[in-house]
Every structure is written in structure tokens, then in C-alpha cells.
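Student: Two chains, each in its own frame: build the complex with the hints.
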Amino acid sequence: MKLLLSFLPSLLLSSVAVVSAASSWSFEDATVTVQPKGAGIGAAAKEKLDPIASLPKSVSLGATDTLKLLLTTTDGKKAKRPHQAFLTLTEPVTGLEESFVLSVKDSGKGKVDLGQKDLPHQFLTSSKPIQASIVIGSFGASEPYKSKVFDLNVSRDENVPLAIPEKPVRYAAGDEIHHIFKEEPRSPPSVISLVFVAAVIAALPVLLGAWATLGANVSHLGKALGNAPVSHALFYGSILAMEGIFFLYYTSWNLFQTLPAAGVVGLVAFLSGSRALTEVQERRLAGLR
Amino acid sequence: MRWSFSLLFTALLGAVSAKSFTGGRLLVVLENAAEQEKYSVFLGDLTGRGFHVTVESPKSSSLSLFKHGERAYDHVVLLPAKSKGLGPALTANNILDFMKKEGNVLLALSSEQATPTALQSLLLELDIHIPSDKSALVVDHFNYDSTSAEEKHDVLLLPFPKALKSDVKNYFSGEGVIAVPRAVGQTLGNQSPLIAPILRAPSTAYSYSPKDEADIVEDPFAVGGQLNLVSAVQALNSARLTVVGSSEILQTAWFSEKATLNGKAVTTANRAFAEKLTSWTFKEAGVLKVGKLVHYLDEGASKASNTSSAIPENNPGIYRVKNDVAFTVEISEYSNSHLIPFVPPKGDSVQLEFSMLSPFHRINLTPLSQTANATVFGTTFKTPDQHGIFNFHIKYNRPFLTNIEEKKQVTVRHFAHDEWPRSWQISGAWVWIGGIWVTVAGWLAFVALWLYSSPAEKTAKKTQ
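Protein chains in written order, with UniProt numbering: chain L, 1 to 289; chain F, 1 to 464.
Just chain F, same shape as in the assembly (with noise of 0.2 angstroms):
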């Protein structure tokens, strides 16, 4: 519902058809134009995709992230700048409600200028962390590129990444190597599900501090694979916000640039990695939708050989305990333009959750058949031997893809009187029948005689 009235928003303005699914609008917060000119191919790509781009500097008196109270962006890039503070329009809970507004962002780092306050107390509000020196950078003396960095061994050339983990996609893989210069290394926290790890160091890096730490590290903010260079977070409401280590990577000069890796020649690949980052946090990947939920009474085997009796009701709103009931889901993942069949990575599943309270049943779905642009998912179990109110509930929670939760109410009721095997049915209750039955011909063998007995001849008279 709201993504289509989103897309019709969308229409309603005009814009060249963006690409995004939550919409085109982008903000570029940067200092001047020369720091514009630096970026060119960078915005340029954006636009080819689509966006609707509005380069502000966070000077600008007209710069603001809301209007009339709602969202006056879809999106927004913070550059690096050399100012201190990024003005009253740009605090920390402006750009936190911009996310709850489900707005993305995507946070430049660089180690030659500050990170501004405002952004620091979001980052720690997110829970990442940058050095406090504000100097700090990355350098690995094993993976530098020795034609820019011969000396300082700071720009780091590393593969595209890897998946987080087998169970999760990857939505950042690619060929060739990434050149991340100056970058600002991130930690993050430990304890929240919402922080993910895009780009790590590799194993040898380390982060340090050009003033104080000149001749030997001693306390290093943070080494190896714990190091990121680039990190996201995607909130509940599935807001995002990509923090890149190093704005450099975003720059035109490195975009495919020639470089050195331990004596080989290679040519950069920023400008496939920028975009990948771009899609992934303006929502242009990894995007869920849900279509169509049905559930239905599974009368199965045992019904089907009598086609006559209707098709049984959809989604109804009651079901007796011991139920066989089918459930279906369709879920479409949003690629780029269209909507494509969801397919859960290998080793990961949907799952249906039957629950009251806690969950009863908690199933693995499978994909029973695809339509044009969506999986269909379905399962089939028997309702609890509980009564009560239960919920269909479909949580799919996973990283970097946007958060599913649907939740369909029924009742699940007793046994009727009626729905009971009947007595001859249970082999036990044969003797306590035939018991019944032997009475009531004894009865009405007792009832004849009684009526029609003549007194014995011979013998003396006996009671009957």
C-alpha cells in the first residue's frame, strides 16, 4: 500500500522514472563546486539511474532535510566537508527522524577533515564507532597500491567483499580490486542485529594516528577483520544509512585508476563498488515485498475424491484444533527496475510462525512455484490441540534485505459435539455395545415371556 502510493507520488511529480523503490529524490550535501567537480561521474551515474539529484552545501540558508513536516528527500549523501559543524539543518536527530521517516543515507568519512559533531554523535547513537583522533587512517603494508602509496602504504587496494555469511546475500560482490584510500576505520557494536559490515580490513590492517604514532603503533583504535572501512545500518522501519570509510572511493580519480598490488598491475573498480553501495542503500536492491497471503483449510486426501463439496474459503477467520490448513505466501524482491522472484539464499528459509503467545509451530517454508515477479512460499500443518486465538505470523528479519512482518488472526475452536469418532469406531467401545444391544434383547425376550408365559405343569410354580 505504501510503496504504491509512494510510486504514484513519484509519478504525481514528474520525475524521470526513478529507479529506486521508495523514490528518486536525492539530496548531495557538499562544500563548493570544486568539490562537486570531484564527484562528477559519481553524480552522473546517479542521475543516469534515475535520481532526481540537488546538490546543497550545508551552508545553504534553503537546505533542509524536511518539508511541511514530511520528508523533503528520499535520500541523502553527506560528502565530506571542511567546515566544523554542518549547520542547524544537519544535527544528529534531524538525520535520525529523516530515518525514521524511513529516509537513506549515505555518510562519507575522510581522514583529512574532521568528522563533524553532529555526525559523530549520530555514528555513536548507531553505535559505530571512529577513532577520536580525527587524523586517524587506515594503512596495511601487505595490500597497498605502490604507485600512489609507495611510501605511506594508505591506500589500500582490496577484492569486493564476501558474503557476511553463508546464510546471507551479498549484494556488494564484483570483479577487480576496490581502492580505499585515507579511509576512517569503524568498529561496530556488539550488540545490535541492525549493524552489518559491508567492507573489512583485511587481516594486517591497522588504524592509526599520523601525529601521535609516527615511528610505532603502540594502541592502535582497532586491527584487522574488527576494522571497517565501510559499514551500514538498516533500521526496524528498514531505513538505511552506509557509512564509506574513505569519500575517496567515491571520487572520479579513483573510479578506474591504475594501480599496484604487490608488484602487479591492476585497474580499480570504485565506480562498480560505489554503485553497488548506491543501489544497496538507496533501495534500489534488496527490497522485500509481500503479495499475496493465503491461507486455506487443507482438506487433502480425504476429501478429494469429492470434487462437488466447494473449494474450501480462503483466509477464514476460524479453524477447528487438529486442522489440516495450507498456507501460502508470494514475496517479489525489487532489482534495480522491476520486481524479480525472491529466492532466499542457500541454507536460509522463510518461516511461518504459528503462534499464540509463543510460537506452536515454527516452519520452514518452501518455494512451491514462481509467478513473473514473485516466489510463491507455502507450507501445510495441523492446527495445535489448544484453542484459543492464534496468528499466521511471517517475520523475515535478515540483513541488508528489508524487514518482512505480517501477522493474519484466527481462531482455532474445540472439537464439536459432532466431529467426535463415532462409538463403533473405537475397537474399545465394541464390549460396552455389544453390552447395550444383549440388554435390549434381554429386555424384550424378558417383556414377551412375561406377557405370554404359561405356568410350568409339572413343577412347582416359579417366579418369572
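Only chain L is shown next, with the shape it has when bound in the complex (with noise of 0.2 angstroms):
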């Protein structure tokens, strides 16, 4: 498919040249040669150009490789010099072009020599192979000639670190960029909270349960509050009133309304608590305790 694609410009050219009546440009004896560096003259190998069609395998050039290309310009038959004659290689990825041009002499021998030295990195670097052709054209009415004349892969040697300028500035859309936040704190499953909030809740009934069979009771309630009933509700009342007050603090309210209430509640706590106290050191001499 590729090389029939690579085909169709030269036919249609070819077609082209059929049918005009005036002189056109082409080449012929075109030879091209990649030569190994230190090689003799018979290491190279050497590929016939045709004008029409491109050479079905491509030339590669190796590292200390020249490419040497050797052609002869023809406007019509004859052999003659044109005004411009430049070996353009062209990549496929991005379209960049880069021309050569062929020093060619009155007799209309051209030729061009070619290292990897001498292309551009994207050259070296292109993943696909780099289409060469040739150009030819010239002043007057005979009709130039451009064709693709064979395909050149470029093996570079991996070893020779490649010197790729830094790509300048152009303004485009930058990528976007998303701030990755801390990660949020962690709770365990709440089953495993769960189970520990009952083992925690378990403890009170088992610590009642002790007191218990220890032989705790409240027997003493009433003589105490036949004694000093007053004191004694407002000290067991206080002493509720403070939790009172921390579960609010806890749950809605601030320092400022916490306080004041604290020191109310406080107030009352020492003065009932001393009555209360008395009554109990009053039982504790009386042996009741």
C-alpha cells in the first residue's frame, strides 16, 4: 500500500510528462552510494536511481556513513545544467523539510554528499523512515521535476550521546495542573469502633457489679437527707450540674457562658458540700460508717 502510495506521484508525473508537449526536467545515471567510513571502494553499497519509480528498499546510513548521490539532470535528453537542484529530505511525522543542494557542473554531472553530521536531529531521531527526493527546475518553460526517489533510514549510534537543543518557547495551553491535597485523616471500620465503645460501656455494669458484691449500697440515703436535706441535694445537685455544664460546654456552648455557670454551680458545691461533709463525719462518730 505504502509503496503504491510512494508510486502514484511518479506516475502521475510520468503521465504529466506525456502529455505536455514541452521539454521537462528529470535525471539519469543517477547512482546513490553509502560508503562505511575507512571501507574500501567496493564495501559500498551502491543503488541505480530511477526517475520514475523509487527505489523499493530503503538506504540506510549508519553512523560514519556517507551517502554519496551521483546523477546526471537532463531537460528533455539532453543533458543540461539546471538553476536548481537540491536533494530535499523531508520527515513524515512532523512535514520538516531540508534541502540539499546538489553542485552540479555544466555538463549537468550534480552530485551531493551526505553524513549524519550534516541533518538536523529530528532527522536522527525520526522514528519513520525520511523520504528523500529530488528537485529540479529551472527558468523557462520546461516543466521541473520533483519526485521521491527513495527512502532513507537513519541508524544512529546509541552510544554517541545526541546533542538535542532545548525545545524553545511557544505559547500554546500549558497541561493543567491539579494541587494533590494531603490525604485525609483515617477512622478504622466503625464496627471495630463499635466493639470497643461496647467493651468500654461494659466496664461500668461489671465495676457497678463489683461494688455490689462488695456489699456497696445507698441504705443511708434517707437518714442523710433526714439530717441535712437541703445541703445534701444541692451537693449531689451540684455535683450533677458540673457534668451538666462540661456536656454543654462539650456540645454547644463557649468559654464565657461555661464560666460563669461553673462558678455558680462551684459556689454552691463548697458551701452545701460543707454541710454535707459534716453530716457524714457526724455519722462516721457515731459509728455508722
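No lab work stands behind these hints: they were computed from the structure.
As the structure is a computational prediction, the values presented were derived from the model and not from experiment.
Quick reminder that beta carbons are idealized off the backbone N, C-alpha and C, glycines included.
Where hints are given, some of them may not hold.
To be verified - BS3-like, lysine-lysine: derived pairs with alpha carbons at most 27 angstroms apart:
id	chain 1	residue 1	chain 2	residue 2
1	L	Lys48	L	Lys117
2	L	Lys37	L	Lys48
3	F	Lys162	F	Lys84
4	L	Lys78	L	Lys109
5	L	Lys78	F	Lys395
6	F	Lys322	F	Lys346
7	F	Lys101	F	Lys407
8	L	Lys148	F	Lys162
9	F	Lys395	L	Lys167
10	L	Lys105	F	Lys19
11	F	Lys67	F	Lys84
12	F	Lys211	L	Lys80
13	L	Lys77	F	Lys152
14	L	Lys46	L	Lys80
15	L	Lys128	F	Lys165
16	F	Lys395	L	Lys146
17	L	Lys146	L	Lys57
18	F	Lys152	L	Lys146
19	L	Lys80	F	Lys152
Said to hold, decoys possible - Restraint ranges, calculated between C-beta atoms of paired labels, are given here:
id	chain 1	residue 1	chain 2	residue 2	range
20	F	Asp212	L	His178	55 to 63 angstroms
21	L	Asp50	F	Ala33	57 to 65 angstroms
22	F	Asp219	L	Phe181	57 to 65 angstroms
23	F	Glu31	L	Asp50	51 to 59 angstroms
Stated by the list, open to error - Covered by chain F, according to a simulated footprint, are these stretches of chain L (three or more residues, beta-carbon under 8 angstroms):
id	region
24	46-52
25	69-78
26	136-149
27	217-226
28	237-250
Tutor: Dropping the structure here:
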């Protein structure tokens, strides 16, 4: 498919050449040679180029190889020197083009040498083969020639680091950034919490039960209330109230609501407590405790 | 603020209502009346679009870009002149100062006349390079006009330029072919984002010097797409400069000329292209304006039911960490005579940065709605869990659009002591809360026992 596509322009071009009577530019006796460094002339891989069809297999260019393109430019059938004779390399992904000028003699014999150091870094890092086309054109009525003649595979020496310049600044939308929040504090599964809550609450009946087996009771309540009813009611009530104040402070009150209330309740507890504890002392002195 | 002032200014001047966003005073610098005749349609079109055109010769002693230290004109067209220098009023520094005061420049070159040194150093300053050989011109053996340049191939016929990139708006599109006769090609420096090509040469074109390279081109100045025929600079203050490689593009002779491209008869559409070029350069197109910018606490679903609570304050000075914040901004684009809603090209979007030194958030804004002349862009996001002084920062710099930069500073504070979740909402705390209340109950029971317990009768006395 790809081969067919690469054939198409040249086929079209050749058909155009047939239709138009005017002479057109082309080339003949074209060879492309890849010469490894230090190797003899015989070691070079040589391919003949056809102006109508692209070379079926791609030419590969190693790190130290030199690519040599030789051709004779023709106008009509005659060898002639054009004004423009370029070897144009096209990077198929980005469409980047770079042209190398062929030095053409008056006889129409032209050549260009190419090494990896002549290529821009985009060509060296290209993932697809680079398309090499030949452009021949000149002033006057002769039809210019442009066609893909071969694919160039650039095989880089991976050990040699490639100096790729930093990408220049261009105005465009930047990547989105979303702040990464610190992790929320986590709680264990509430089932586990509930089990331990149950264990903690169960400790209260256990404590009360233990006291009961040790003979704890409240049978002097009537006696105490009979001896000092106001003091005992106020004293125990104030202790209850203080816990109530703590509960309110925990749920809704602020410190300024809590402190006066705690002060009043504390005073009541102090005054009523001294009376109530006097009553307890009387019971102890009476041998009832 | 600034534009409303300039609008007021032009209104006070009593000038014809200019369509340009920044004013209609246009200076055309050309050599003599014969030259002016060549550009009559071009200048007539500019006058017709509301520009107040003043034509001056570079030799004129009254020529000055400034008056009382301010710009005397809003825009300048520099057409090539035969004389080598441009005189003391048009030095490279003067033109750069003119651009620093937000003046726009359209600069036309010609391969038939040497580019004056003032303009050469101006272009060098802007990192636009032209061939050092003064007669160098662009030829293409594939896309030339075979009616007028059958032998020399130096009149290029090109389609209107495509968008620079897929996510950049194209202000130079059109139907037809543009004739580019005897152009001076430019190459652009790669480092600056401020320069952009408008019309690139086709891939088979090249620039050569007819004197030295008459037989064969050996060392072309530039080749193919790296060669620009029209290029543009937009400075950080949005002043624009357009370099037109061939002044003949603007001449009446090429405005709708019959030409032949590869055997097909075509009519050049240079008049439309010249209009696109001038309307972009003189800020009739591609001008952005920021309207109302609002940010507020987005109480969203949590408070939606409680509508009696006041509408959140707009643009408050302080937020808390992890607040949901809504942000909207109106952006309009000026199009020839009025503001229209700005629609960013596909693949591009206006971005909001929420930044303290570096951006914590960079969010693409989505177009929420459109008013008669603005698009409302907006987004919602959560402030980061970092307190400090932050900025809502919109910076929208794109090729061919005037630069937008908006900054709104806000404080982001900690959680206050009463904004944390209550302990009973944390399931891990239930054990400890349970422990406290069990202790309370145990204490009350202990007090009651200590006060009211009678001694155990049967067994020996035990401590309670």
C-alpha cells in the first residue's frame, strides 16, 4: 500500500510528462552510494535510482557512513545544467524539510555528499524512514521535476549521546495542574470502634456489680436526707450540674458561658458540700460508717 | 480602561469612526506621488475602513512618529523607497520606541530597492533575517505565474495561508491565490515566541541572488518552508509589526490580476489578502478584552437548600483552605467594528492558574455562557490545603491574539478552631468519648456510694 502511494506521484508526473509537449527536467545515470568510513570503494552499497519509480528498498545511513548521490540532470533528453537541483529530505511525521544543494557541472553531472553530521537532529531521531526526493527546476518553460526517489533509514550509534537543543518557548496552553491534597485523616471501620465502645460501656456495669458484691449500698440516703436535706440535695445536685455544664461546653457553649455557670455551681457545691460532709462526719463519729 | 480612553480620545479628535481597536491615525511613508499612485486602491481601502491616512515622504522635515513625547500616529505603513536611508525620523530606535508605545507597523520590502539600514537593524533586533544581498529574491519553478513571469519564475502564486498550528486561530484565510512578485524572503529566529510566520514559501521555493547565482543556485539563503514571505511580530505589549516580503502584493496592479498557474487561468486575490494583513496588523482583528472577572465562595450543594443565607460575596479578599471556589471571567474579541464573544480555537483553552510563587492549580476554563459581546468562561475548584497569599492568574498569550494577563490576589487562611469536624463525627473517637462518659457515670456512682453507703453488716468492714 505504502509502496503504491509512493509510486503514485511519480506515475502522475510521468503521465503529465507524456501529455505536455514541452520538454521537462529529469535525471539519468543516478546512483546512491553509502560508503562506510575507512572501508574500500568496493565495500560501498550502490543502488541505481530511477526518475519514475522510488527505490523499493530503503537506503540506510550509519553513524559514520557517507551518502553519495551522483546523477546527470537532463532537459528533455539532453544533459543540461538546471538552476535548482536539490536533494530534499522530508521527515514524514512532522513534515520538516531540509534541502541539500547538488553541485552540478555545466555537463549536467551533479553530486552531493551527506553524512549524519549534516542532518538536523529531528532526522536522526525520526521513528519513520525519511523520504528523500530530488527537485530539479530551472527558468523558462521546461517542466520542473520533483519526485521521491528513495527512503532513508538513519541508524544512529546509540552510544554517542545526541545533543538535542532545548525546545524553544512557544505560546500554547500548558498542561493542567491539579493540586494534590494531603491525605484526609482516616478512622478505622466503625464496626471496630463500636466493639470497643461496647467494651468500654460494659466496664461500668462490671464496676457497679463488683461494688455490689463487696456490699456497696445507698441505704443511708434516707438518713442523710433526713439530717441535712437541703445540703445533700444541693451538694449532689451541684455535682450533677457540673457534669451537665461540661456536657454543654462540649456540645455548644463557649468558655464565656461555661465559666460563670461553673463558678456559680462550684460555689454552691463548696457551701452545700461543707454542710453535707459535716453530716457525713457526724455519721462516722456515730459509728455508722 | 486604556482602550476606553483611547476611544474617547479618537472621538474627541473628531476623526471618522475608525474600526481599529486602538485608533485610526495612520501614517504612510512613501517616496513620491508616482509611488502613491501604485498603492491607490490599497490606501483607498484603508480610508474606506475609517483610517485617517496621512502620506509623508521619508525626506519630509515635518515627519515625526511622536509629538510631545506621545505617539503622533496609531499605525505606520512603511513602503520601500529608492533612497538608501530613511532619515532621522525613522531610525530603528524610533520605530522600536513607537512599538513600545503600542504603535503598529506594516513594513513592506522590495527586492528591487535595497532595504534601508534602519530597517535592516530593526529586523535584526526583532530576530527576523533577510538576505544580505540586496537584490536577492524568491523564485519557485513549480508555483509561478506563467503570464507575467514565464521566464524568470519570480512571481509566486500561492493559496491563502493555513492556520499556523491546529490550535491557533487563522486570521489570514481566504479564497483564491495570492500573487507574491519578487519577494524578499525572511527567516525567523527560533528562540522567540513573539515572531510568527504568516505566509510561508512553498517547499520548492528558494531565495537566490540574481547577480551571483545566475546560472545555478549554490548557497541559497533559505529554502522551502523555512523561507517566509510575510511574517509577523507581536510584542509583549501587543504592538504588532508585519513584514511583507514584497511591496508589490499591496499594489493596485496585483489586486485582481489575471494570472496563469500551471496552465490554469486564475485571478489574484491580493486585495482580500492585503485587507486581512492590515486588519490584523492595525488591530481590527485578533484583539482580546477581559470584561467582568468574578470569584466567590461556591457553597454549592451543601448550602443550596438554605437559600435564606445571603448570596456569597463577590471577589472576597480571603478564603479558607479547602474552600470550594467558583471563578468566572468574560472575554471578548474585537472583530472589525464591535466586540463579539471570544471562542478559543479547538484544542486550545483559556487557563486559570491559582498560584503562590508557582501554580498550585492550572485549570482549563470552560465556556459557560455567552452574552451579546463576551463569552463567560468559568470553573470551580478547591483551594489547596496550604495557607498563604495566592493569585487568581489568567495569562493568555497566543500567536496572533493580543496578550491577556489578569491577576487577583486573595488570602487563603487556615481552618479556624471551630471549623474542624466535631469529635463525635469521627468514628475513631467514639471509644474515647465513651470512656469519658463512662468515667463520668462511674464518678457520680462513686460519690453517691461514698456519701450514702451503710457499712456491710455481715462481713468485716471494707474500704469503699
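Student: Each hint: holds or not?
Tutor: Okay, the hints, checked on the actual structure:
Distance hint between Lys48 (chain L) and Lys117 (chain L) is fulfilled; the C-alpha atoms sit about 24 angstroms from each other, no more than 27 angstroms. A C-alpha spacing of about 21 angstroms is found between Lys37 (chain L) and Lys48 (chain L), which places the hinted pair at or below 27 angstroms, so the restraint holds. Proximity of Lys162 (chain F) to Lys84 (chain F) is assessed by CA-CA distance (about 35 angstroms); at most 27 angstroms being required, the pair is judged violated. The hinted pair formed by Lys78 (chain L) and Lys109 (chain L) meets the criterion: a straight-line CA distance of about 12 angstroms does not exceed 27 angstroms.
For a cut-off of 27 angstroms, the pair hint linking Lys78 (chain L) to Lys395 (chain F) is broken: about 62 angstroms separates their Cα positions. Simply put, Lys322 (chain F) and Lys346 (chain F) have alpha-carbon atoms about 32 angstroms apart, too far for the 27 angstroms limit, and the pair is violated. Among the hinted pairs, Lys101 (chain F) with Lys407 (chain F) is consistent with the structure: their alpha-carbon atoms are about 22 angstroms apart, no more than 27 angstroms. Distance check on the hinted pair: Lys148 (chain L) and Lys162 (chain F) sit about 24 angstroms apart at the alpha-carbon level, within 27 angstroms; holds.
For the hint pairing Lys395 (chain F) with Lys167 (chain L), the CA-to-CA distance comes to about 21 angstroms; that is within 27 angstroms, so the pair holds. Between Lys105 (chain L) and Lys19 (chain F) the alpha-carbon distance is near 57 angstroms, which puts this suggested pair outside the 27 angstroms criterion. For a cut-off of 27 angstroms, the pair hint linking Lys67 (chain F) to Lys84 (chain F) stands: about 26 angstroms separates their Cα positions. At most 27 angstroms may separate the alpha-carbon atoms for a hinted pair to count; Lys211 (chain F) and Lys80 (chain L) meet this at roughly 21 angstroms.
With a CA separation close to 23 angstroms, the supplied pair Lys77 (chain L) and Lys152 (chain F) stays within the 27 angstroms bound. Proposed proximity of Lys46 (chain L) and Lys80 (chain L) is supported: the alpha carbons are some 24 angstroms apart, at most 27 angstroms. Taking the CA atoms of Lys128 (chain L) and Lys165 (chain F), the gap is near 22 angstroms; set against the 27 angstroms cutoff, the hint holds. Distance check on the hinted pair: Lys395 (chain F) and Lys146 (chain L) sit about 45 angstroms apart at the alpha-carbon level, beyond 27 angstroms; violated.
Restraint check for Lys146 (chain L) and Lys57 (chain L): satisfied, since their Cα atoms lie roughly 19 angstroms apart, inside the 27 angstroms limit. Taking the CA atoms of Lys152 (chain F) and Lys146 (chain L), the gap is about 19 angstroms. The hint holds against a cut of 27 angstroms. In summary, the hint linking Lys80 (chain L) to Lys152 (chain F) is supported, as the alpha carbons are separated by about 18 angstroms, within the 27 angstroms threshold. In this structure, Asp212 (chain F) and His178 (chain L) meet the distance hint of 55 to 63 angstroms, their C-beta atoms being roughly 59 angstroms apart.
Take Asp50 (chain L) and Ala33 (chain F): their Cβ atoms lie about 59 angstroms apart, and the range 57 to 65 angstroms holds. Under the hint 57 to 65 angstroms, the C-beta atoms of Asp219 (chain F) and Phe181 (chain L), about 60 angstroms apart, fit the expected range. Checked against the given bound of 51 to 59 angstroms, the beta carbons of Glu31 (chain F) and Asp50 (chain L), roughly 54 angstroms apart, stay inside it. With a cut-off of 8 angstroms between beta carbons, the region 46-52 of chain L has 0 residues touching chain F; three or more are needed, and the interface restraint is violated.
Given as covered by chain F, the region 69-78 of chain L fails the check, having 0 residues with a CB less than 8 angstroms from a CB of that chain where 3 are the minimum. Here the region 136-149 of chain L counts 7 residues with a CB under 8 angstroms from a CB of chain F, which clears the bar of 3, and the coverage holds. Coverage of the region 217-226 of chain L by chain F holds [criterion: at least 3 residues with CB-CB distance below 8 angstroms; count 6]. Residues of the region 237-250 of chain L lying with their CB closer than 8 angstroms to a CB of chain F number 4, which satisfies the three-residue condition for coverage.
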